[in-house]
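Could you build all of it, start to finish, from the sequences and the hints given here?
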Amino acid sequence: MARQLIDRAIREKIVLVGVALGDTSTDKVDGSLDELSRLVDTAGADEAARVVQRRKAPDPAYFVGKGKAEELRDVSLEVDSDTVVFDDELSPAQQYNLEKVLGRTAIDRTAVILDIFAQNAASQEGKAQVELALLRYRLPRLRRQKGALSQQAGGMSAGGARIGTRGPGETQLEVDRRRIQRRITRLEGDLRAIARHRDTQRKARRRSRSRQVAIVGYTNAGKSTLLNRLTDAGVLVEDRLFATLDATTRRLDLPGGERVLCTDTVGFIKKLPHDLVEAFTSTLAVAADADLLVHVVDASAAEPMEEVAAVRAVLSEIGADRVPELLAFNQADRAPIEARRLLARHPDAVVISALTGLGVDGLLRAVSDRLRALTAMAELRIPFDRGDLLAAVHREGEVLVEQAGD
Numbered sequence: 435m436a437r438q439l440i441d442r443a444i445r446e447k448i449v450l451v452g453v454a455l456g457d458t459s460t461d462k463v464d465g466s467l468d469e470l471s472r473l474v475d476t477a478g479a480d481e482a483a484r485v486v487q488r489r490k491a492p493d494p495a496y497f498v499g500k501g502k503a504e505e506l507r508d509v510s511l512e513v514d515s516d517t518v519v520f521d522d523e524l525s526p527a528q529q530y531n532l533e534k535v536l537g538r539t540a541i542d543r544t545a546v547i548l549d550i551f552a553q554n555a556a557s558q559e560g561k562a563q564v565e566l567a568l569l570r571y572r573l574p575r576l577r578r579q580k581g582a583l584s585q586q587a588g589g590m591s592a593g594g595a596r597i598g599t600r601g602p603g604e605t606q607l608e609v610d611r612r613r614i615q616r617r618i619t620r621l622e623g624d625l626r627a628i629a630r631h632r633d634t635q636r637k638a639r640r641r642s643r644s645r646q647v648a649i650v651g652y653t654n655a656g657k658s659t660l661l662n663r664l665t666d667a668g669v670l671v672e673d674r675l676f677a678t679l680d681a682t683t684r685r686l687d688l689p690g691g692e693r694v695l696c697t698d699t700v701g702f703i704k705k706l707p708h709d710l711v712e713a714f715t716s717t718l719a720v721a722a723d724a725d726l727l728v729h730v731v732d733a734s735a736a737e738p739m740e741e742v743a744a745v746r747a748v749l750s751e752i753g754a755d756r757v758p759e760l761l762a763f764n765q766a767d768r769a770p771i772e773a774r775r776l777l778a779r780h781p782d783a784v785v786i787s788a789l790t791g792l793g794v795d796g797l798l799r800a801v802s803d804r805l806r807a808l809t810a811m812a813e814l815r816i817p818f819d820r821g822d823l824l825a826a827v828h829r830e831g832e833v834l835v836e837q838a839g840d
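The sequence shown runs 435 to 840 under our numbering.
Possibly wrong hints are sitting among the right ones.
[Unchecked claim] Listed below are the simulated DSS-like cross-link pairs for lysine-lysine, each with C-alpha atoms no more than 25 Å apart in a straight line:
1) Lys705 - Lys462
2) Lys490 - Lys704
3) Lys447 - Lys704
4) Lys502 - Lys490
5) Lys462 - Lys704
6) Lys447 - Lys705
7) Lys705 - Lys502
8) Lys462 - Lys447
9) Lys561 - Lys705
10) Lys490 - Lys462
11) Lys500 - Lys534
12) Lys500 - Lys447
13) Lys704 - Lys561
14) Lys705 - Lys490
15) Lys502 - Lys534
16) Lys490 - Lys500
17) Lys502 - Lys462
18) Lys447 - Lys502
19) Lys534 - Lys447
[What the hints assert, rightly or not] The calculated label-pair distances, taken between Cβ atoms and stated as ranges, are:
20) Pro758 - Ala556: 23 to 33 Å
21) Ser750 - Leu511: 35 to 45 Å
22) Asp666 - Glu505: 47 to 57 Å
23) Arg612 - Ala722: 32 to 42 Å
24) Val711 - Pro817: 49 to 59 Å
25) Met739 - Asp666: 24 to 34 Å
26) Ser644 - Ser750: 18 to 28 Å
These are computed hints drawn from the structure, not numbers from a lab.
The structure displayed is predicted, hence computed values, not measured ones.
In this text, a Cβ means the ideal position worked out from N, Cα and C, and glycines have one as well.
This is the structure in structure tokens:
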């Protein structure tokens, strides 16, 4: 696994930087910086200061302009910060130029999110996906890292190139780039093999006619808590961003007797790095293959519908925007007024508390109703001596009415 981008041996002090571009309000930027501060805290560091600038457009060389970069250097010295984190993605050139002026590390929101994913990846697939995203992120930025490849990617030696791999006059930087590219190619192949295995499993589920419900939503919205409430899955639940990265699938019994597969997916966030979405394609495919999405929304969030929009943007990117969606406004125990207001604007949604179980029965009925709307109804006459057929009907579908006949 590639090393972290934030030093967790100590609690680093971080300066946060937000830029209000065009007509964007500074309040909106501050709200985004609040989220970035939580991300930084999850990564193992502390916000020491924040700076907001208004610009018509990003500066091509420094993103914020050289004068503001010099101001950031002074602020960093005042608060004894070794790292400056920008809320927007920096190009490799901007990052390089900023670090020359700042005299310290400059990273962006993308790097922080990748760092958190690197901490929390547990499965072999999750670790491979995160390492792939990290290496894709680092490759164009390698010029400022010089030859320190041994600190950047697990499983790669810092020793000299093997015989036959170094070209005439090739620099250490070129060797390092080739090593990273080879590692990327290897990881891509490994993940393709995992994706093929997942595809085989999905086809087997389709043949068994097991319907699938995927729980999606913003990070820390309560998805894992809901899966545990519905299925006793025992998934790790922590009050922090991206606590779980691996999809967990359990069987769920619906009112009426139908049994479906229910999967908790990785959480989404605003400005989710494209490389991360691409690397997690096989994990996120469960949402695109689902029959229904239960979209969990934190009703207590400052801007819940902005979080909904961010989730839907990622769903569109992975081809899951065509899947029917059921909004579930969570945290009704903590924010009952906000939950009711959201329900008034979205009457087809449900209000729940995954923690206390409030509204969960209504959620299950809504899931059952939505799935029923996607299926055809039939009246069947089954002989008394064919109990096996009756059992199959109960297992594969939902029985609305059952009565004995002559």
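_Violated hints - listed by number, lowest first_ = none
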